[in-house]
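J.: Numbered per the numbering used here, the sequence shown spans residues 1 to 244.
What you were told as hints is all true, and nothing was included just to trick you.
Here are the simulated distance ranges between beta carbons:
1) Arg159 / Glu179: 36 to 42 Å
2) Ala93 / Gln29: 48 to 54 Å
3) Ser27 / Pro219: 32 to 38 Å
4) Ser27 / Asp98: 44 to 50 Å
The hints are simulated quantities; they were obtained by calculation from the structure and are not laboratory data.
Here a beta-carbon is modelled for each residue, glycine too, at the ideal position from N, C-alpha and C.
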Amino acid sequence: MTRIAAPAMTIVIVVIAFSGLAGWNRSGQPRLVATLTERELPPSWNAQGLDDESGRQLRIEIEYRHDPLDSRNWLPELRLRAIGFHFNVPTGAPEAADTYAKTPARLAWVVFELDGPAWRDIERRRALQPEAQPAQQRQLQSRLVPVDAGPDFETLLARYPTGHLILRAVVGLTYLMPEHGGPLVYGAIRKIVPGEIAVPSHLRAVLDALPARVEGGPPLPRYEAELAMGRLGIPYLRGVRPLP
Numbered sequence: 001m002t003r004i005a006a007p008a009m010t011i012v013i014v015v016i017a018f019s020g021l022a023g024w025n026r027s028g029q030p031r032l033v034a035t036l037t038e039r040e041l042p043p044s045w046n047a048q049g050l051d052d053e054s055g056r057q058l059r060i061e062i063e064y065r066h067d068p069l070d071s072r073n074w075l076p077e078l079r080l081r082a083i084g085f086h087f088n089v090p091t092g093a094p095e096a097a098d099t100y101a102k103t104p105a106r107l108a109w110v111v112f113e114l115d116g117p118a119w120r121d122i123e124r125r126r127a128l129q130p131e132a133q134p135a136q137q138r139q140l141q142s143r144l145v146p147v148d149a150g151p152d153f154e155t156l157l158a159r160y161p162t163g164h165l166i167l168r169a170v171v172g173l174t175y176l177m178p179e180h181g182g183p184l185v186y187g188a189i190r191k192i193v194p195g196e197i198a199v200p201s202h203l204r205a206v207l208d209a210l211p212a213r214v215e216g217g218p219p220l221p222r223y224e225a226e227l228a229m230g231r232l233g234i235p236y237l238r239g240v241r242p243l244p
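Take the sequences, apply the hints, and build the full model.
T.: Right under this line is the structure:
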């Protein structure tokens, strides 16, 4: 993959998602369907007017797993090589920091486990931290946790046929300096592509009718949404319904 491949492909995917090709992407049998809640698909207030049907969008929220050692657990060097990275410079070499800082990001398919063992393990570790958030605040955190990555959607789908969501993401390398626990090179998700999902006009009424959050009340998700993967490999919203 060239230096411009990841950003260029990102732009192409976003343009398709919000263009006339979106209808063709949604036609036929979806390649994958997952049911998420407001925790994983909260309303997006940043972008306006990108969807010519309603102007409303939902944002894909994930657990990024930024901790270096945790990142190496789910995204080891073998997987990073498979999506196009090279590790020709030893991490202890004088030029390593500059080399890996300039390494272009790659566009890859990432497998996300929904509310599974990976999420529960993260929850347990966070609860033990001195500065841990109250349990009530954690009730709106996304339970989508990356567990695998690769260059081919169908290969990953065969490996994870149920209980997972597979999305495109930009993956980059980070170099950890010796004074911060390194030398270490690890991969991390930079962003999901596309990171926002257009709400079709026929589903907007469900979101408009949602009750406002009560200050001090339980931060429970107010709706669940059905996210499908289209024939162009771009996710789209297939349904939304309020939760009791």
